[in-house]
Amino acid sequence: KEVEKAIEKFFTPEFRNRLDAVVKFNKLSQELMLLIVDRLVQETNKLLTTTRAVRRRLDFEKPVPREVILECLDISQQAPTGSNRQGWRWIIVTSSEKREALADIYRRGAGEYLVKSQDAAAAAGDNQTERVYSSAQYLAENLEKVPVHVIPLIKVDHMAKNPPVTAWAGLMGSIMPAVWSFQLALRARGLGSTLTTLHLHNANEAQDLLCIPSEFMQVGLLPVAYTIGKDFKPAKRPPIQNIVSWDQWQD
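In the working numbering, the protein residues as written are 1 to 251.
Incorrect hints may have been included.
As the list claims (entries may be wrong) - For lysine-lysine, the following DSBU-like pairs were computed, each having C-alpha atoms within a straight-line distance of at most 35 Å:
id, residue 1, residue 2
1, Lys161, Lys46
2, Lys98, Lys155
3, Lys62, Lys145
4, Lys98, Lys116
5, Lys98, Lys233
6, Lys116, Lys1
7, Lys233, Lys62
8, Lys1, Lys27
9, Lys46, Lys145
10, Lys46, Lys116
11, Lys145, Lys9
12, Lys46, Lys236
13, Lys5, Lys27
14, Lys46, Lys62
15, Lys1, Lys24
16, Lys145, Lys116
17, Lys116, Lys236
18, Lys145, Lys24
19, Lys62, Lys98
20, Lys98, Lys230
21, Lys46, Lys24
22, Lys145, Lys233
23, Lys116, Lys233
24, Lys155, Lys145
25, Lys46, Lys233
26, Lys9, Lys98
27, Lys24, Lys9
28, Lys230, Lys62
29, Lys27, Lys46
The hints are simulated quantities; they were obtained by calculation from the structure and are not laboratory data.
A quick note: this is a predicted structure, and the numbers were derived from the prediction, not measured.
The task is simple: from the sequences and hints, build the whole structure.
Okay, here's the thing in structure tokens:
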């Protein structure tokens, strides 16, 4: 009755005749609002802890719409960047010929590193690291099949010759947050990626292949695809107490 009176008071008969149904919403209690906020925080925590380096579970067959990549990159541009330079650029490679060429550059950059590292991990009984190198080798062998290759770039023409370490720290701090934001946005939409750097051993070849200007530096290559399944879990990590010190270094 109370709702009907309110409708009659504020809306004309013509409008009321078009109503199919009226749903009354009760005011949320503080307890319920806190539960909703907690759920949102848990969802955020899940996104942050399950955005894995995806290699074996990249779907080579499912097309990735250009609009999805652009949406994720648009989100990544809100990441912090030193002195607000925003010196980043992104090259998206979908051409099969160029993906094949990048895969060849990548494999030659990897050389025997992945195989030897996997063997060393196996000999040391480090199963988790062995699995990581095994999946990295799988990606190297199949990189050209991944439908999208994303190469982040950062402008370096303002850098002095032989810059100090602090300059490089600032430079990477101006692009890596955007890379991670891009990966998080992909994960939230059912896609996976991993940041790779092995092709940088032959960065000049990739530069020529993609016509990259000399004032920009490549910082990696991210193979991007929809994932096979979405049941990713947090990785095994050491207890946080083992890696945190308060006020000064502690062993």
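Going down the list of hints, with the structure as the test:
1. Simply put, lysine 161 and lysine 46 have alpha-carbon atoms about 43 Å apart, too far for the 35 Å limit, and the pair is violated.
2. Under the criterion of a C-alpha separation no larger than 35 Å, the hint pairing lysine 98 with lysine 155 is consistent with the structure, at around 23 Å.
3. Between lysine 62 and lysine 145 the CA atoms are separated by roughly 11 Å; this keeps the pair inside 35 Å, and the hint holds.
4. Between lysine 98 and lysine 116, the direct Cα distance comes to roughly 28 Å. Compliance with the 35 Å bound is thereby established for this hinted pair.
5. Under the criterion of a C-alpha separation no larger than 35 Å, the hint pairing lysine 98 with lysine 233 is consistent with the structure, at around 33 Å.
6. Distance check on the hinted pair: lysine 116 and lysine 1 sit about 77 Å apart at the alpha-carbon level, beyond 35 Å; violated.
7. For the hint pairing lysine 233 with lysine 62, the CA-to-CA distance comes to about 23 Å; that is within 35 Å, so the pair holds.
8. A distance of roughly 18 Å separates the Cα atoms of lysine 1 and lysine 27; the hinted pair therefore holds under the 35 Å criterion.
9. The suggested pairing of lysine 46 with lysine 145 holds, with an alpha-carbon distance near 29 Å, which does not exceed 35 Å.
10. Among the hinted pairs, lysine 46 with lysine 116 is consistent with the structure: their alpha-carbon atoms are about 34 Å apart, no more than 35 Å.
11. Restraint check for lysine 145 and lysine 9: the C-alpha separation of about 64 Å exceeds 35 Å, so the hint is violated.
12. With a C-alpha separation of about 15 Å, the suggested pair lysine 46 and lysine 236 falls inside the 35 Å cut-off, and the hint holds.
13. Note on lysine 5 and lysine 27: the hinted pairing holds, with a Cα-Cα distance of about 19 Å set against a maximum of 35 Å.
14. Annotation: proposed proximity of lysine 46 to lysine 62 holds, straight-line Cα distance about 25 Å (limit 35 Å).
15. Our distance criterion of 35 Å between C-alpha atoms is met by lysine 1 and lysine 24, whose separation comes to about 11 Å.
16. Distance hint between lysine 145 and lysine 116 is fulfilled; the C-alpha atoms sit about 24 Å from each other, no more than 35 Å.
17. At most 35 Å may separate the alpha-carbon atoms for a hinted pair to count; lysine 116 and lysine 236 meet this at roughly 23 Å.
18. At most 35 Å may separate the alpha-carbon atoms for a hinted pair to count; lysine 145 and lysine 24 exceed this at roughly 53 Å.
19. With a C-alpha separation of about 19 Å, the suggested pair lysine 62 and lysine 98 falls inside the 35 Å cut-off, and the hint holds.
20. Only pairs whose Cα atoms come within 35 Å are accepted, and lysine 98 paired with lysine 230 is accepted, the gap being roughly 29 Å.
21. A threshold of 35 Å between alpha carbons decides the hint, and for lysine 46 with lysine 24 the separation of about 33 Å falls inside it, so the pair holds.
22. Distance check on the hinted pair: lysine 145 and lysine 233 sit about 25 Å apart at the alpha-carbon level, within 35 Å; holds.
23. Distance restraint check for lysine 116 and lysine 233: the Cα-Cα separation of roughly 27 Å lies within the 35 Å cut-off, and the hinted pair is therefore satisfied.
24. About 29 Å separates the Cα atoms of lysine 155 and lysine 145, which keeps this hinted pair within 35 Å; it holds.
25. At most 35 Å may separate the alpha-carbon atoms for a hinted pair to count; lysine 46 and lysine 233 meet this at roughly 9 Å.
26. The straight-line distance between the Cα atoms of lysine 9 and lysine 98 is roughly 66 Å, outside the 35 Å bound, and the hint therefore fails.
27. Taking the CA atoms of lysine 24 and lysine 9, the gap is near 16 Å; set against the 35 Å cutoff, the hint holds.
28. Between lysine 230 and lysine 62, the direct Cα distance comes to roughly 15 Å. Compliance with the 35 Å bound is thereby established for this hinted pair.
29. The straight-line distance between the Cα atoms of lysine 27 and lysine 46 is roughly 29 Å, inside the 35 Å bound, and the hint therefore holds.
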